[in-house]
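Mind docking chain B on chain A? Use the hints.
As a plain string of letters, each chain reads:
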Amino acid sequence: MSFYGEKTLTCKNLLDYLKSLPRETLDKLYNHPATCLAVFRELPELSRHFILRVFFVLKPIQHVTVASWIPPHEPGKGKPWTMSATLESDPHQRDLDFLEKYAMDRWESVLQFLVQPRQGATAISRDAMRTLLHAGLIESDESESPNMQITSSGFQFLLLDTASQVWFFILKYLETVTERGLSLVECLTFLFKLSFSTLGKDYSMEGMDDRLLTFLQHLREFGLVYLRKRSSGRFYPTRLALNITAGQNKDHIDAPKQGNLIIETNYRIYAHTTSELQIALLNIFSEIEGRFPDMIVATITRGSVRSALQKGIAAEQIISFLRQHCHPQMYKQHSVVPRTVADQIKLWELERERLEITEGVLYKDFMSVHDFSLLSNFASSKGVLIYSDEKQRTMVVTKKGHPSIKQFWKEQSK
Amino acid sequence: MVNVIKGLLIKCDPVMKQFILHLDDTLKLGSKFVLVDLDECHLFVQQEVYNSLKNLIDEQYEKVYYNQKSSLDS
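Protein chains in written order, with this note's numbering: chain A, 1 to 414; chain B, 1001 to 1074.
The following block holds chain A by itself, in its conformation from the complex:
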């Protein structure tokens, strides 16, 4: 529920994003098999059936369908970049754990910056900061000082699960991509190819042009790929990159790291973690009462939840955050987050929403009952009537509905 004046963070999924792109871009994108496969996976079952059937019809075949299965030939530098270019084995081979750790470290440093932006711009790269600004997750209070403030969308972003966060971040990054001189089509295609790569396998950088290399550098800063150094000529995709197109489809994701929160019915939280980020996230909606060498004790209080609500976070977001980070032992219980706690958080949210406010236009002092019923029937048929009282002969329509009602009324009075 979001009422007048509040905005909730929406995370467009892959299909919505693609629909918003212009037609020529889409045409170029579909020229690559990786894109087609990624989109295909996301489609509902019926659409997939349709596509497969049309596919095998011999005549007439659409040019686009045939063209999309020819391997890409990029004009320009020598050998085009393909996923299967062979490499001799890497002397500095990196294993899965290292990649995992690297990805999470980089991603957490971005999140850490969001939580405490006052520490200055040294923690993360300028590109990351630019994207965060563009996404509306942070804002600068004055133009002079380098200090940034986190916004209410920023808080909501922090409490999302990692895959959604990465996806949202990349979407916002792609929106700024043309300003930086990179091609949207190239970047998107590259991302799709990445999402089909194998975790732990290194890929060659031969044949990538400058723009793609810049994009790769940025991905390295966000933790989606790992490069030992720029000249090494090979990169490793990390789990974050693989999950890009799997945002909505949870069974493609590998098991995320174990949660470590224990939530009790007396509103106590025990977090077995020493990560500063986790502590900062807990601090958003609960009161930290004790810190031990390997554990944090916190309580969810009305005050702490209310301050989170005032920052623009919804109760559902808090509850889903708790659910995601639960200790595996909690899954044995019937409801992962205790019912009392979840319900109480929602009740505290409802407390603040005792008013239902809609922008509208009021009509009153009708001359006759006939006029009134004519107009109110018309308005309710349009679906814009929000209040009507026959005895008083007053009615209210939504602000958006007002012009058409006005038009109708003018025509009637002639």
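Derived from the structure by calculation, the hints contain no laboratory data.
A quick note: this is a predicted structure, and the numbers were derived from the prediction, not measured.
Relax, there's no trap hidden among the hints.
Derived list of chain B stretches under chain A, where covered just means 3 residues or more per stretch with a C-beta under 8 Å from a C-beta of chain A:
{"no.": "1", "stretch": "1004-1010"}
{"no.": "2", "stretch": "1031-1041"}
{"no.": "3", "stretch": "1044-1050"}
{"no.": "4", "stretch": "1057-1065"}
Even glycine gets a Cβ: it sits at the ideal position worked out from N, Cα and C.
The following block gives chain B in isolation, referenced to the frame of chain A:
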């Protein structure tokens, strides 16, 4: 002639409505903001008062709520 007024429609329970009318009477927002009193659960108010209204309601809640923790500390 029909009167046309632009503003905000507020729907709430009767208790809240009385509270808002009280704020209006005592000019807590600086001036009268309720345009029309529609019925037990509905009010029509000026557009600009949205934020200040929310803040005042929050404040009232804070005053009324019994905070067990703070009373234990003292």
